[in-house]
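Chains as they are written, first to last, in my numbering: chain V, 1 to 164; chain R, 1001 to 1106.
What the hints contain is simulated information worked out from the structure, not anything from laboratory work. Fair warning: there could be bad hints in the mix.
Part of the chain V face toward chain R, derived, beta carbon under 10 Å [to be verified]: (1) 54; (2) 117; (3) 123.
Everything numeric in this text was worked out from a predicted model, so none of it was measured. Beta carbons: idealized from backbone N, C-alpha and C, even for Gly.
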Amino acid sequence: MTIDLILLVMMTIAALWAVMARSLLKAAIALAVTSAVVTIIMFRLASPLAAVFELSVCTGLITAIFVSAISLTRPLTHAQTIAMSKNKFRRYWYLPVIMVIAAAALFLLKIKVDVPLPQVLAIDDVRNIMWNLRQLDMYGQIVLILAGSFGIVILFRESDKDGS
Amino acid sequence: MEANNIQLFSIFGIFIVMLFIAGLYCILMTRNMMRALIGLEILTKAVTVLLILAGYVTGNMAFAQSIVITLIIIEVVVIAITAGVILSIYRHTNSLDRSTIRDLKG
């Protein structure tokens, strides 16, 4: 339980860093750190397949997409960054306070979770569920991935008209 | 639910709510579209951990994992398409500020 608590605190701090980081690149890296910690939490909660997906896709692919998208935009100058960060600090300092208040309120209220448990499925193999029980969803996912890849090709291509 | 599982759910639940608040606050307060996308990603992280936790507590681990795999796939498609849309907007307006998108206002 102690390791879980440390991991949860790390996850929250990394998420807070992602929201409050001055530069976008640092925010993207903080997001990758959050994903990595979430992966370890998933391993701890006995979900190795989902954890591997999280690690490869969220920590790897999404960070690569973010970094490439950020590199295609013009960065702010040093003076602009300092001016923005002052304004940003004013807008964002409420966030840690709100988070701590919400956590304390939840801890003190001790809301009882007393919902009836769902029926445990007889199949306990992920591959079996994905390919037999959720067959239609899988076809939907394949179509979605194809649509996504076509969308990326269209949206990320360089425009020929203005020569950019 | 067993007492041990209730305690686990409560402790994880507090941190999941904190993560959710961080993501929501980021989306609501930022003017930078790329940072709003990061907020959306943090929201999805909170939901992912909640799904895995629910699966662990109820004993439906395999089903929870299959749902999370679907969630991650849809998440990456949404992020990639949205990043492309944001880049297209940036090419037109030369800014990532969402207040500059006023062409379709009214």
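Structure-based check of all given hints:
no., hint, in the structure
1, 54, "holds (6 Å)"
2, 117, "holds (5 Å)"
3, 123, "holds (7 Å)"
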